[in-house]
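When you get a sec, could you build the whole thing from the sequences and use the hints?
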Amino acid sequence: SQQGEEDPQALSIQEGENATMNCSYKTSINNLQWYRQNSGRGLVHLILIRSNEREKHSGRLRVTLDTSKKSSSLLITASRAADTASYFCARGSSNTGKLIFGQGTTLQVKP
Amino acid sequence: EADIYQTPRYLVIGTGKKITLECSQTMGHDKMYWYQQDPGMELHLIHYSYGVNSTEKGDLSSESTVSRIRTEHFPLTLESARPSHTSQYLCASSEYPTGTQETQYFGPGTRLLVL
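Going down the list, the sequences are from chains R and W.
Numbers 645 to 755, taken from the numbering used here, label the letters of the first sequence in order.
Numbers 27 to 141, taken from the numbering used here, label the letters of the second sequence in order.
Worth flagging that the hints you see were computed from the coordinates, not collected in a lab.
In this text the structure is predicted, and so the values were computed from the model without any measurement.
Restraint-style ranges between C-beta atoms, simulated for each label pair:
(1) W:L86 to R:S672: 21 to 27 Å
(2) R:S712 to W:K43: 50 to 56 Å
(3) W:L37 to R:K670: 33 to 39 Å
(4) W:L37 to R:E697: 37 to 43 Å
(5) R:E699 to W:T103: 39 to 45 Å
(6) R:E649 to W:T81: 30 to 36 Å
(7) W:S110 to R:T721: 39 to 45 Å
(8) R:E697 to W:G77: 26 to 32 Å
(9) W:N79 to R:G660: 50 to 56 Å
(10) W:N79 to R:E661: 46 to 52 Å
(11) W:K83 to R:G703: 34 to 40 Å
(12) R:D651 to W:D85: 20 to 26 Å
(13) R:K670 to W:S80: 25 to 31 Å
In this text, a Cβ means the ideal position worked out from N, Cα and C, and glycines have one as well.
Encoded structure:
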């Protein structure tokens with residue numbers, strides 16, 4: 645895919661465990677954003693990391709960015725059943741001025 | 027929750043009908059977007075607008091059209107719906123008119139089924 649890849653496509657864990665999702669991309673970026681989507685709903689913005697940043701935290705979320713490898717990861721610590729959702733990374737391209745979304749990772753957290 | 031609204035939430039119509047999907051935001055954002063998303067798949071940008079009287083086609087070709095007569099309102103119209111238009115349509119907005127790609131705020135989506 646020209647948009648990049650997210651892996652895994654699906655992830656199932658027990659409550660309390662950590663969940664890690666990865667995102668790779670192919671073109672240069674201004675920033676990378678992570679969004680969450682509950683089934684049948686719109687997306688909710690979680691966190692934005694700029695191209696000159698390497699790590700960012702927000703509550704139980706930790707995002708890293710490695711521009712040399714063109715990859716990012718989202719870590720959710722101490723997961724809860726309510727974290728069950730699809731998670732999308734979105735790249736802000738320095739060429740087009742638009743956001744490009746990945747295909748997402750579906751996370752299931754079992755109680 | 028963002029102040030961006032979409033109606034209807036669900037729509038089932040027959041082939042050949044004209045439909046308009048409504049999107050409104052109360053945040054005063056200049057940039058607005060329409061995405062198409064099939065179940066379990068990524069979002070594809072089909073239209074966007076940088077402000078009143080500005081509309082552009084997105085990365086995915088679409089037979090739909092949009093208009094932007096007021097800042098808060100960005101409706102999407104299908105002149106003659108077909109089964110291939112069955113999908114979820116998501117509207118979004120963001121704050122800045124130009125420059126870097128900032129946070130987008132999404133509406134709840136419209137699920138369209140064309141029979």
